[in-house]
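Novice: Here is how the chains run, residue by residue.
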Amino acid sequence: MQLWLIPILPLAGFVINGVFGRRFSKGLVGSVAIGSVVLAFAWALRVILALGDLNTPHVEHYFTWIQSGIVNIGCDFAVDRLTAVMLMVVTGIGSLIHIYATGYMAHEHGPNFGGYYRFFAYLNLFMFFMLTLVLAANYLVLFVGWEGVGLCSYLLIGFYFDKKFATNAGNKAFIVNRIGDFGFSLAMFLILINFKSLDFGTVFGQTAGASPTVLTTIGLLLLVGACGKSAQLPLYVWLPDAMAGPTPVSALIHAATMVTAGVYMCARSFPIYAHAPDALHAIALIGIVTACFAASIGLAQNDIKKVFAYSTVSQLGYMFVGVGCGAYSAGIFHLMTHAFFKALLFLGSGSVIHALSGEQDMRNMGGLRSKIPWTFGTMMCAALAISGFPFTSGFFSKDSILIAAYSYAPWMYWVGVITAGMTAFYVFRAMFMTFFGTYRGHEHPHESPPVMYLPLVVLAALSLGGGFIPIPEFLKQFFPPSPIEENFTLMAISVAFGLGGIGLAYVMYVLKPGMADSLAGSVKGLYTLVYNKYFVDEIYDAAVVRPLVSGSRTVLWKTLDAGLIDGIVNGVGTMSRSVGSLLRLPQSGNIRSYASWVLLGSVIVIVTVVGILGGVK
Amino acid sequence: MTGVPVSWFLTLSAVLFVLGVCGFLFRRNIITVFMSIELMLNAVNLTFITFSYQLKQVNGHLFAFFVMVVAAAEAAVGLAIILTVFKNRNTLNIDEVNSMKN
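Protein chains in written order, with my numbering: chain A, 1 to 617; chain B, 1 to 102.
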């Protein structure tokens, strides 16, 4: 079915824009970028429609990549139901965001005036790696995509490379992800040793007979990788900083697609987790703690993108809860709906930022409702969806996760519901601070061009109606059955919490605007703690970064490198010189002194020889 | 061998050789140095001939002839070099012919 065409199309876009983009007009660069992704979307759609019910995975083998001893790894792509969902999400959302980005980046030159084509080349490269990731039929090809999206994430976070904070954020994302990738690599080694293969089909076929200890270890190591990529505790710290990149990047990479790769990978590895309940429990635990923790940080942020960044971390936590409770399809369902509404929230906030010429602080916004109505209307749809308003997409997916959590462990349900309340509160806090009240800024807001708000409208429709896409039904045969039953009481409770959060935000930020500040003043300690993100960055800095840096400086650099290694190298040089200066003395250039040496030498030889021979006699 | 004992020949040869060495080491004039080298070669020739005569073997004679041939060739080349040096530098002092040094 020519699956390779799907990732190759964006790669071609990357090559064309990367090589020739400097000479292209902006329109041509945008057309190449959008065209390649839309074609990939169309081809993916055609492939999925042509493959029918997809009950068994459709695998395509292209060539043997590595052949060495027991290691036999092919460059294989596969499509099954899970991949089909991911393909649609990635290429669909990717196309919309590419279209949006041509408007958002229209005034962009970037550093060195190469910004526009460089941006789209990176974005296309990202699509290539992301599609490789979801199409992979073995762990190593998946890992290639996994590392590739990390690279593109790094490149795009540091897109404004003349700004120190952006390059720092890029480095932070890359380095934190290394920790996760280390776990992932170890997991791959364990899989290779135990199952003699990295192919999904082969590995998953053998999990039933494998030792539970090994499977648990593999599962936990994969979870470490997923925690890095999907920004879960304790490796979530890179994602809020990643907002230094342009907003379409935040929407595409750091909300809709790349950060969900960890969830996808865990769901993909469900046959391993099925025999490793402890690892599954760890997933659920990390998910619920992250969801609650990140949501609480989101309550007090003033940067509009930071709010949504912590919201993303929190929602990814929900997906992990879904996967960890065994409700894989609910997790993937939430992955998809989250891609709709969180991409919309980010693109909408990008539209707000665009309207205000770069302002991101919500304290300088307000009253924008009438000035940028398209942005307001579409973002409201996303806000309702993420809050779990009945019959929006978030309502269905979040509730299926929460119900699964209830049957797994009731306390998780309650934490999840409280988190849902917090989610509704901070999202609507952001909405009210941005769009309601009176305008507090100085710029003159202007509505974004249609090329920007039309993708918003599409995403708004998906955010509202996406819950009716029967993803759980579609994935039912793929995943092991999960004990989800409809429970109207639980559903009503979570909806009530969501509406309560919205209502509270309405009271605090619209009816009595001073109330939030007085409340913050009355619990000053707690507010400071949350406002400063629990000082996690500072703790990591003191506990990990500083010891590493000072250890590298004093021990590795000053002692080992400068002292030992340079000492040895310099010592060899000094010794050669001193020996040479001694040896230089006899070599005077005076022929007669040489002759004297020859004479002296021959006298010594003769005396010695005669002495020995005489002694022998 | 009657009459003159071998040790006298050898002593003469040694004395000539030492004279040659001393001339080589302590004289400055190139021609003198050159003649000292010839003297050493001939002292060695004398040793060869002595032993050849005493041991009744022809090898020593052969070596002596070889040395004489080499010495003749060397003299031809050496004198040519000396002439060129003198033409170019107007000196035969060996210590002043040191442009290869430094």
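Watch out, some of these pointers could steer you wrong.
Said to hold, decoys possible - Simulated DEER-style distance windows between Cβ atoms:
#  : chain 1 : residue 1 : chain 2 : residue 2 : range
1  : B       : 69        : A       : 600       : 24 to 34 Å
2  : B       : 86        : A       : 600       : 24 to 34 Å
3  : B       : 76        : A       : 582       : 18 to 28 Å
4  : B       : 11        : A       : 569       : 34 to 44 Å
5  : B       : 27        : A       : 607       : 22 to 32 Å
6  : A       : 564       : B       : 84        : 50 to 60 Å
7  : A       : 605       : B       : 11        : 19 to 29 Å
8  : A       : 569       : B       : 77        : 43 to 53 Å
9  : B       : 69        : A       : 582       : 12 to 22 Å
10 : A       : 603       : B       : 76        : 45 to 55 Å
11 : B       : 69        : A       : 569       : 12 to 22 Å
12 : B       : 11        : A       : 600       : 29 to 39 Å
Said to hold, decoys possible - Examples of chain A residues lying across from chain B (beta carbon under 8 Å, computed):
#  : residue
13 : 584
14 : 585
15 : 589
16 : 595
17 : 596
18 : 599
Calculated from the structure, these hints are not laboratory results. Bear in mind the structure is a predicted one, so any value in this text is a computation, not a measurement. Using N, Cα and C, we set each Cβ at its ideal position, and we do this for glycine too.
Novice: Would you mind marking each hint as holding or not holding in the structure?
Specialist: Status of the hints after comparison with the structure:
1. B:69 <-> A:600: 24 to 34 Å: This hint holds: roughly 30 Å between Cβ atoms.
2. B:86 <-> A:600: 24 to 34 Å: The hint (24 to 34 Å, Cβ to Cβ) holds, given that residue 86 (chain B) and residue 600 (chain A) are roughly 31 Å apart.
3. B:76 <-> A:582: 18 to 28 Å: At 41 Å between Cβs, range violated.
4. B:11 <-> A:569: 34 to 44 Å: Cβ of residue 11 (chain B) to Cβ of residue 569 (chain A): about 60 Å, so the range 34 to 44 Å is violated.
5. B:27 <-> A:607: 22 to 32 Å: Holds, since residue 27 (chain B) and residue 607 (chain A) (Cβ atoms, about 26 Å apart) stay within the stated range.
6. A:564 <-> B:84: 50 to 60 Å: 58 Å, holds
7. A:605 <-> B:11: 19 to 29 Å: 21 Å, holds
8. A:569 <-> B:77: 43 to 53 Å: 48 Å, holds
9. B:69 <-> A:582: 12 to 22 Å: 42 Å, violated
10. A:603 <-> B:76: 45 to 55 Å: Taking Cβ atoms as reference, residue 603 (chain A) and residue 76 (chain B) lie about 31 Å apart, which means the hint is violated.
11. B:69 <-> A:569: 12 to 22 Å: 55 Å, violated
12. B:11 <-> A:600: 29 to 39 Å: 22 Å, violated
13. 584: Constraint on residue 584 (chain A) not satisfied, violated at 13 Å.
14. 585: 15 Å, violated
15. 589: With a closest approach of 4 Å, the residue 589 (chain A) hint holds.
16. 595: 6 Å, holds
17. 596: Constraint on residue 596 (chain A) satisfied, holds at 6 Å.
18. 599: 6 Å, holds
Consistency note: the structure conflicts with the earlier hints numbered 3, 4, 9, 10, 11, 12, 13, 14.
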